[in-house]
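Q: Residue numbers for the sequence shown, in our numbering: 7 to 317.
You may find that some hints are simply not true.
Calculated cross-link-like contacts (lysine-lysine; reagent style DSBU-like; alpha-carbon spacing at most 35 Å) [as the list claims (entries may be wrong)]:
#1 Lys283 / Lys252
#2 Lys64 / Lys37
#3 Lys252 / Lys302
#4 Lys217 / Lys252
#5 Lys239 / Lys283
#6 Lys217 / Lys270
#7 Lys254 / Lys217
#8 Lys272 / Lys254
#9 Lys66 / Lys37
#10 Lys126 / Lys168
#11 Lys272 / Lys283
#12 Lys168 / Lys252
#13 Lys284 / Lys270
#14 Lys272 / Lys302
#15 Lys284 / Lys272
#16 Lys46 / Lys75
#17 Lys311 / Lys284
#18 Lys217 / Lys283
#19 Lys270 / Lys311
#20 Lys270 / Lys283
#21 Lys254 / Lys239
#22 Lys302 / Lys254
#23 Lys284 / Lys217
#24 Lys311 / Lys272
#25 Lys272 / Lys252
#26 Lys37 / Lys75
If you're looking for bench data, these hints aren't it; they were derived computationally from the structure.
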Amino acid sequence: MDLTNYKYDYYVQRNLVKIAGDVGTATYTFKGMPAIYDLKIAYVDEDDGNSTYTVDVKGKEIAAWVADKNPTKDNVFLYLINDVRLDYGTPIRITGTRDEGEGARIVYLDIVYANGMTPKSVFNYLFSYIMCDMPVASIFVLLSVVLLFLVTSALFFMFLQKRNKISGELSRKPINNPNHGSKDACIPNPGPNTVIIDTKYQTVNNCLINKLRIYLDNNFSDTNFSVQEMADKFGLSMNYLSSYYKDKTNESIVNYITNLRIEKAKHLLVTTDLPIKKIARSTGYYNVSSFIRRFKQLMGVTPGKYRENNL
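Please build the complete structure, drawing on both the sequences and the hints.
A: Take a look at the structure:
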């Protein structure tokens, strides 16, 4: 606070109004958020005489009192003023008048937030601070950050527009495939009696199911085959892949794989002299016991018995 007509007293080691009838002022300019605050003013009451105090906010008196408690020794007392509206830059002045026998002494001013802070008041505070009190160097840094953000956002937006434009052009380009014609290469050309309800939807789905079938036909005999690995290859979740495949074929992936393995095993059992263990490995079974158990489950006899019956 800025003090006027307060003089330092070496006896009490404080600034005070020393001469009877003299008036001293303590002024402070509020630099906080606009809102409602409580003011706590600490002052000293001596053991004789009295002094008077007034508080002005924006040039208007809001409180006045007399320090006349006269304790047995000097004590600090608090005077509370509730619900005072303070805006950024509001001047607060505390006036102390010394009477005979007692000096006016202000210890401190405490400003405590009560209520009333709004987004508008915060914006007004920031605007006032930037325009009035913020150092020029800090304003330059702030403007530089804002400018950098705007430029970066503009460049990113231009990048997205360009990418979307390229994607749109690619999607409109024809596929250079002699078998394609006006239809997708993943499905055969329709015959004269074929009725296509939704060409685009049918094309996409037939294309995917054909790719899945081709993958299964080429990998069913791999002992390390897993549905999860297959889902990862096609960028699908395992649950979605399994339900999609069954929905399109009325058969699960596991059943389809098993049937392929058993058919290949039947062919090898009849046309070769390979041991059962090698046939199991050749059809995707790492464990020969699992192969024999599954073969008997589906064919009703063991692999050895099946070979014996079909020689």
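Q: May I ask which of the numbered hints given earlier this structure violates, with the numbers listed in increasing order?
A: 10 and 12
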